[in-house]
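Asks: Listed here are the chains, written in short residue letters.
2 protein chains.
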Amino acid sequence: MAKARVIITLKKTIMDAQGQTAENALHNLGYRGVSNLRIGKVVEMELDGAPKEQLSAQLDKMCRELLANPIIEDFQFEIED
Amino acid sequence: MAKARVIITLKKTIMDAQGQTAENALHNLGYRGVSNLRIGKVVEMELDGAPKEQLSAQLDKMCRELLANPIIEDFQFEIED
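From first to last, the protein sequence lines are chains A and B.
Residue 4 is where the first sequence starts when you use the working numbering, and the numbers rise one by one after that.
Residue 4 is where the second sequence starts when you use the working numbering, and the numbers rise one by one after that.
It is worth saying that the hints were derived from the structure and are not from the lab.
It is possible that some hints are incorrect.
Note: identical chains are not told apart, hence a pair may lie in one copy or across any two.
Taking lysine-lysine and the DSS-like style, the derived pairs with C-alpha atoms no more than 27 Å apart in a straight line are [stated by the list, open to error]: (1) LYS44 to LYS15; (2) LYS64 to LYS6; (3) LYS55 to LYS6; (4) LYS6 to LYS44; (5) LYS44 to LYS64.
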């Protein structure tokens, strides 16, 4: 049983309206030092049933097929035993 | 200028309908080995204007005040130079 964490973020060239709104709100609360705030998704899961060395390829496929939208999003993941 | 990443997830006791839906969809696509899938948010930002040693306390406050909902969500963050 391995644990995996996937981080999915909008590509840098895509405007992040949600992140911009949160950044403005933080500025209004007095946190002036915040910049380039971006909001993405994190997907945590447990993986079983495949040899460890295949999990990475499987997870990459899962991201491309369902979890992320590769047209507008980047993703990165880490797997730990 | 420091970079920070905040991971915000629903508390374990809160049902994650979005995560459950994604897990079911992955099962239907043939990824039977996936379990306990949970979906959360990741917030990435740059921080400036405070001494490095104060950034952690400031970020904790930002999470409690705006970024996370501490009643139903857990958060963790890391800061790198």
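Asks: Take the hints in turn and mark each one as holding or not.
Replies: Against the structure, the hints:
{"no.": "1", "hint": "LYS44 to LYS15", "verdict": "both (15 Å within a copy, 17 Å between copies)"}
{"no.": "2", "hint": "LYS64 to LYS6", "verdict": "within (16 Å within a copy, 29 Å between copies)"}
{"no.": "3", "hint": "LYS55 to LYS6", "verdict": "within (11 Å within a copy, 32 Å between copies)"}
{"no.": "4", "hint": "LYS6 to LYS44", "verdict": "both (17 Å within a copy, 18 Å between copies)"}
{"no.": "5", "hint": "LYS44 to LYS64", "verdict": "both (17 Å within a copy, 21 Å between copies)"}
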